[in-house]
Amino acid sequence: MTKEKKLSITIDNRTVEVRPHLTILEAARTHNIYIPSLCAMEHLPSYGACRLCVVEVDGLRGFPTSCTTPVEDGMVIRTDTGEIRTLRQEVLKLLLSEHPASCLFCTEQDECKDYQGTIRKAGVITGCRYCPNDTRCELQQVTERIGLTETSYPVYYRNFPVEKNDPFYDRDYNLCILCGRCVRVCNSVRLNGTLSFKQRGKITTVGPAFDRTHLEAGCEFCGACVTVCPTGALSTKTSKWYGKPDKEVATTCVYCPVGCTLKLQVRKSEVLDVLPDYNSALDHGFICVKGRFAVPEYVHSSFRIPVPQRITPLGYNDISWDEAIAEAAERLAGVKPDSFLMMVSPQLTNEDLFVAQQFARQIIGSDQIGSPLLYDLGADTGPFVNLVSQSSAFDVIDDAEAVLAIGFDSTYDYAPIGIGTKKAAQRGAVLVTINSCDTNLDMLSEMAFTCGTEKWSALVGLLTGASAQGAAPLFPTWKKDIAGIQGIFKKSTRKVIIAGPGLLAAPQRTEIIEKLLKVKEKGGWDIIVAHPYSNLKGMLAMGAFHGIKTGAIINENGQAEGVKGDLSKFDLTKGCTVIYAVGVSDLDSLPDCDYLIYQNALPSESQRRPDLLLPAALFTESSGTVINGEGRILPVNKAVEPYRSAKPDWWILNAIGERIKKGVMKYAQVQSVQKEIAKTIKGFPGVKKRLEFSRIDVKMKTPKGAPKMRKQGQFNYRGIPLEAVVKGMKAIEERIELISGSNRGAI
Amino acid sequence: MSDTDTNHECVCAQLSEEELYPRLELIIEEHRNKPHELIMALHKAQNLFGYLPRKVQQMVAEGLKVSLNEIYGVITFYSFFSTVPKGRHSVKVCLGTACYVRGGQQTLEKVGKELGAKVGDTTEDRRYSLDVVRCIGACGLAPAMLVDDDVYGRVKSTKIMEILDQYK
Ligand code: SF4
Ligand code: SF4
Ligand code: FES
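Sequences listed follow chains D and H, in order. Numbering that gives the first Met the number 0 numbers the first residue of the first sequence as 0 and each following residue consecutively. Numbering that gives the first Met the number 0 numbers the first residue of the second sequence as 0 and each following residue consecutively.
Hints listed in this document are in silico derivations from the structure and should not be mistaken for laboratory results. Watch out, some of these pointers could steer you wrong.
Stated by the list, open to error - In silico DMTMM-like cross-links for lysine to aspartate or glutamate, where the CA-CA straight-line distance does not exceed 20 angstroms:
id, chain 1, residue 1, chain 2, residue 2
1, H, Lys64, D, Glu445
2, D, Lys422, H, Glu28
3, D, Lys479, H, Glu28
4, H, Lys33, D, Glu215
5, H, Lys33, D, Glu445
6, D, Lys239, D, Asp210
7, D, Lys92, D, Glu137
8, D, Lys726, D, Glu269
9, H, Lys54, D, Asp437
10, D, Lys243, D, Asp169
11, D, Lys490, D, Asp570
12, D, Lys698, D, Asp570
13, H, Lys54, D, Asp441
14, D, Lys646, D, Glu322
15, D, Lys236, D, Glu162
16, H, Lys64, D, Glu89
17, H, Lys64, D, Glu322
18, H, Lys64, D, Asp437
19, D, Lys201, D, Glu89
Unchecked claim - Which chain D residues stay away from chain H? Per the calculated CB distances, all over 10 angstroms, these:
id, residue
20, Gln140
21, Val141
22, Thr193
23, Glu620
24, Ser622
Note that the Cβ used here is the ideal one computed from N, Cα and C, for glycine as well.
Extracted from the complex, chain H is given alone in its bound form (with noise of 0.2 angstroms):
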């Protein structure tokens, strides 16, 4: 088996939905009756999709000889899998101690508000998903929140829509 050969970055931005099961095809046909491979193939089709739905369970479960019952648990257990889907950018709020105490919580509060979303959810329009991490490192700068890969610092409550809207 190799993993070279295809690539399995996400492009869930560019296409839809529709048009990603045929590479889902792909992954599923090198792992086909493996059941022992569940998770690679999983998380490949994470990559793709973004999260898995339950149609793309379904699949992974006829072709590689899983039970959909024993996928859904794999799913549920490990924190990688998602199976609401990931939005185009993450925004994670830290809720780290020095975070906490400096007022983490209310720009966790703002952020949802803002963005009308619950921790673990994503927007509507999948433009943004929302999580919390506990410290980022950044302590120096609490209360801190990331986006993407973007680091802010002493975040302040009127500063988040100028900062979220920047990415598209």
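Just chain D, with the same shape it has in the complex (with noise of 0.2 angstroms):
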């Protein structure tokens, strides 16, 4: 690429050197300089709707907006004359007129924000109540930075009923300013097209077609309009009346497998909020409405194991970390290998599925390491490991020419892969979608196949030209459609299939995942998988998984042959001394056992009561990493001291483990554990790049027991359902019912 020329341009008496193709006001900030502004925003198209960033240029008549303005060489631009501050003023007071003012021009103002939200009643401000106690009101900053201090025009109150019947955010357009951040973001950012101006003229507001909910009008909540309003208009129901953050802890969300980077908004012990990272290069700010609002309501749920507890036949007891781990370490010492059980949960850190998996290996001597995949996914578990493993980086996506999206939905889920697909078919890829339910990305697509899940696989086979064996008269009426599909993807070189969750709802879904395969080997297709197991690869990369070494999988020279497994032999009807579950919730499926540890930050649902509560700390309170869908580490920071007692989930095995065996493990920090895991993965976890994993050949037979499909809604985290502890996800789950009757993403 050719360097561009950069262009010369004098700003207040500075000449300064720019990019071209920015606008004045990108190219001021470039260089620190100031001009007021409300509706442009980086990551935006500019609009030009406030007015406010209106400077003087030589040869331009009047006073142009400097977000719309593109720079020229040679351009003299004054950005804070006289005459400007008057007009910005003049501007901001008509801006204000229908604006309420009082806070912003209150002469308590100060104090206000320590006070407000207080429930004292008398002798304190309280706070107006008209918006959110965060400071973040770009108003109020602009208002100040302009020096305005009071207004010459009466305040017209529009007396529009505040909105609140949707989950998550509540909306008060008597606060808009109409600005347009909100429906450029959804509309051009994020794709998703819920947010319009309504009817013109004062009575202008925002929201969707017909008084339609957010909900009904197909509303993902992202949040990202209100990460974007500069007003107290959109605010987030749980955290509005919380005060100012006082920091920022950057994190990796471990909700789903594309590990989207968090921004926690931390006050003390607590989080408050989550913002999404525009800058990004991974997911570009592209959060779904799990990290965004998912996040706070789940970490400090009031359900929350505070303690060790044992079992007594009148309840449980509270007890010592001490006296949890010598009666943990007294009930393992001298278990047979083969009367252990060790269940994890693919959504724990590397770092605890590695010691795990050490824990049960080289503590018990045992290899019996099983997850509830396994019950998910029974005789299937092999293949879609294998599918998972060959998964390709996101970015192929970026400049696909075809894509084929099977079982997949990205409203509340998955949406930087959504997002991209979206992207890419605006830009001209061929879109095609198999689900049994219309998807949200039908509408951009050249065709949307929707069928039962049982005639996937052929569908599949035909559309790809894996196996087109009888497949055909399956469809008489799309006939013609398909025949154009196949004569797209023959031609197209750049193709990716997505594998979503609606797969593993697919009665022959090992037939499709060995078609998707042999299309990736001989076809030249790139393979993403969206599932909910986030870091499923990396419990395969630490070896927590029957038959599976730490590292064996990660083929670093691209060559290895693959890995073998046998799971033919897994038996989860098979009576225990002792289970231990750690993150894993659904009790009632696994196998009598004499002694049931139970590991985790929330109680399970199941009938069946463990005999010792162990509580975990959760990932906003520990750190370590994971290893994400397309096979990068990804950091997870610790934002806040573990609720009450709790302690990491590695941290605890350890204990216990030093406690029945000393010597074998010795970690007394997570850095520790990392060191460990760095003698079979070279560099971890500082690796940069993606790491290549092997194919996995995993002899298989239905494990006795399984597969039992419990019903359960799409999102949990820990074997626990975030509708549980999330309220709004509720009416989430609800929408996805109507919707899709039971079949999307049935695990």
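With the hints in hand, could you dock these two chains into one complex?
The following block contains the structure:
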């Protein structure tokens, strides 16, 4: 690429060099020159609505808005003359003539910030209660910068009813300044299209068509609109009165294998809110409802297990960590390797998973390491993990010519993959969807094949050319469509299949997976798998999987012949002496045992009552890493102290392990675990490039006692449905139910 | 794209709404997958139906690949578009300054009462729609009223029904 020639411009008597194709506002910002603005925002298309960013440019008439005027070589710009200042004040006054101005001009403003949200009634300022008290109001900041302290116009209160009937955020359009940021982020960044300006003149508001709720209008509750709103018009229900965060901690979302960056907004020992990172190269800030809104209520749930507890005939008794560790060690010492079962969640961190497998193998001497996959997938576990291990980088979607999405809908999860797909379709890639109900991608697709899951295998075979055997007669009405798509697919070179969670609900899932792998080998398709087992790649890499050793699956030079596994003897019915369940909460499906250890953050919803409860710290409370769906090692960073006595999973495992057999683990901190992992996975956890995974060939039979597909909601973390602790998720689950019956991602 | 090959004159008076949908399909076909031609498509659809019912908006949304919410925004922004059906005859009462001072408001009230409709509404039999206008350049004849393209000047309350009755 040829280097673009820089332009030289003069702003406020300073001559500076800037990149071409910038607006004056952007150019000024890169040189730290402040121009007030309310509607312009990085990553959003220019709009020119608020008129606060006016400047003077030699040779241009009047006062152009700097956010819509591109820089030109030799331009002479003034941003702060007396005339401009007066003009801005006047513009701001007009803008405020429809916005409650008490909080902008109130003399008690400074104190107010500290006391807003107080429950005391007398003697203190209780705030006007128009807006959240998170001190993020840009309108306040701009008013201060412009130096407006009073207004000469009466304030016209528009008296719109406040809209509170959607989950997660409230809307008070009396505070809206019609800057259009929310409309632009929803349409041009999220490519969703829920928001639009409605009506005109003084009754203009923002919202979906026909007074529908956001939920009904297809909103994904990504919260992008709330994030960009410069006023208090849009506010998060749970955090709006919680005040100003005092630090921000960047971490990785553990709710799905994409691994978006989350910016946790923390005050003291609490995560108040979560914001996206628009500069993240991985997800571009396209986080979904789970990352945006489902973290604080989960990690600060009042149902958290506070301290270790032991079962007694009268219920659970609180005990100290020392007693708990001693009791667990006593029950575990001398357990026969094949009467032990370690059940781990694929949503734990790498470090937790590593220590868990080490515990099973080196402390107990057992390779009985299982996970909920065995129940969800039964005999298909092997093929499925093989598919996952061979999935591609997410950015293959960025220059794909053809995309086939199977059982995939990105409304409420996997948002970066979904938005990538929509962008591809918008720039002309051919998008084809297969699903049992409408999906959010259908609107942009060339063809949406809506049919029962039992037909998917045949359809996939036909479309990709993997095998056409006996399939054609199944689709008499689609004959022409199928032929057309086949032709397109044959001609395209950069092709991507997205296998969504719906795939897991298809009866012939193994057959489909085999077809996918075949066309990956022979037909040049890339495959992205969107599934609910967040750190599955980490689980495989750490070897927290029966028959697979730590690091065995990492394929450093791209030619290992593959890993062999054997789950054919795994028996989920055989009674055990001890079962140790870490982050797994479907206890009723587990085999019988004499002693059940349940290590998790929230109590299980199962009937069966564990003998020992060990309170685990969550991902906001301890550090570690995960490996995302494309094989990148991503950091999980501690933001707050663990809840009450909770401890990181690796810490608990280490403590019990040390009590049983001294000297095997000895981990004092997470870094020592990482050092140990680095012995087998070179450079861990500092590896910057994607880890390559080799093929896995797992000999499978349906493990006895499986599959048992417990009907669950779509979203859960460490075995707990999000809707059980996050209020708004209930509405989302109901919406999915309504649209899809029960077919979508039954896991 | 050519505008001449399909005749989009309003035929809503002769055909039932159901019978109009195949014609709408033709309009949508012309603009399929072209979001930037939204206004043109809506324009033609409105000419066809006389207004833009929800179902029509939905079909246009799907055909042009524009979100329904955006379409609604456009429709509610431009006064040309209407989401309520228009009557066969449009009755417009002038409330420009001259008409106003000479009793335009009373005329409007009387017309509204006779028709049983508010400003912006259509009578249930879809015979009339009632609207106001600001000056039609007939100040000398104030208070004035417009039915379809016919101007009536010096309208007297007692004459109103007589005038309206001529329009079937
Ligand atoms: S939450 Fe996201 S999808 Fe919903 S209206 Fe806001 S920006 Fe649009
Ligand atoms: S709701 Fe907020 S972001 Fe949206 S137009 Fe109003 S002030 Fe701007
Ligand atoms: S920032 Fe330029 S007009 Fe609003």
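Hints and how they fare:
{"no.": "1", "hint": "H/Lys64 with D/Glu445", "in the structure": "holds, 11 angstroms"}
{"no.": "2", "hint": "D/Lys422 with H/Glu28", "in the structure": "violated, 24 angstroms"}
{"no.": "3", "hint": "D/Lys479 with H/Glu28", "in the structure": "holds, 19 angstroms"}
{"no.": "4", "hint": "H/Lys33 with D/Glu215", "in the structure": "violated, 25 angstroms"}
{"no.": "5", "hint": "H/Lys33 with D/Glu445", "in the structure": "holds, 14 angstroms"}
{"no.": "6", "hint": "D/Lys239 with D/Asp210", "in the structure": "violated, 25 angstroms"}
{"no.": "7", "hint": "D/Lys92 with D/Glu137", "in the structure": "holds, 15 angstroms"}
{"no.": "8", "hint": "D/Lys726 with D/Glu269", "in the structure": "holds, 18 angstroms"}
{"no.": "9", "hint": "H/Lys54 with D/Asp437", "in the structure": "holds, 18 angstroms"}
{"no.": "10", "hint": "D/Lys243 with D/Asp169", "in the structure": "holds, 19 angstroms"}
{"no.": "11", "hint": "D/Lys490 with D/Asp570", "in the structure": "violated, 47 angstroms"}
{"no.": "12", "hint": "D/Lys698 with D/Asp570", "in the structure": "holds, 14 angstroms"}
{"no.": "13", "hint": "H/Lys54 with D/Asp441", "in the structure": "holds, 19 angstroms"}
{"no.": "14", "hint": "D/Lys646 with D/Glu322", "in the structure": "holds, 15 angstroms"}
{"no.": "15", "hint": "D/Lys236 with D/Glu162", "in the structure": "holds, 11 angstroms"}
{"no.": "16", "hint": "H/Lys64 with D/Glu89", "in the structure": "violated, 41 angstroms"}
{"no.": "17", "hint": "H/Lys64 with D/Glu322", "in the structure": "violated, 64 angstroms"}
{"no.": "18", "hint": "H/Lys64 with D/Asp437", "in the structure": "holds, 15 angstroms"}
{"no.": "19", "hint": "D/Lys201 with D/Glu89", "in the structure": "holds, 19 angstroms"}
{"no.": "20", "hint": "Gln140", "in the structure": "holds, 29 angstroms"}
{"no.": "21", "hint": "Val141", "in the structure": "holds, 26 angstroms"}
{"no.": "22", "hint": "Thr193", "in the structure": "violated, 6 angstroms"}
{"no.": "23", "hint": "Glu620", "in the structure": "holds, 40 angstroms"}
{"no.": "24", "hint": "Ser622", "in the structure": "holds, 41 angstroms"}
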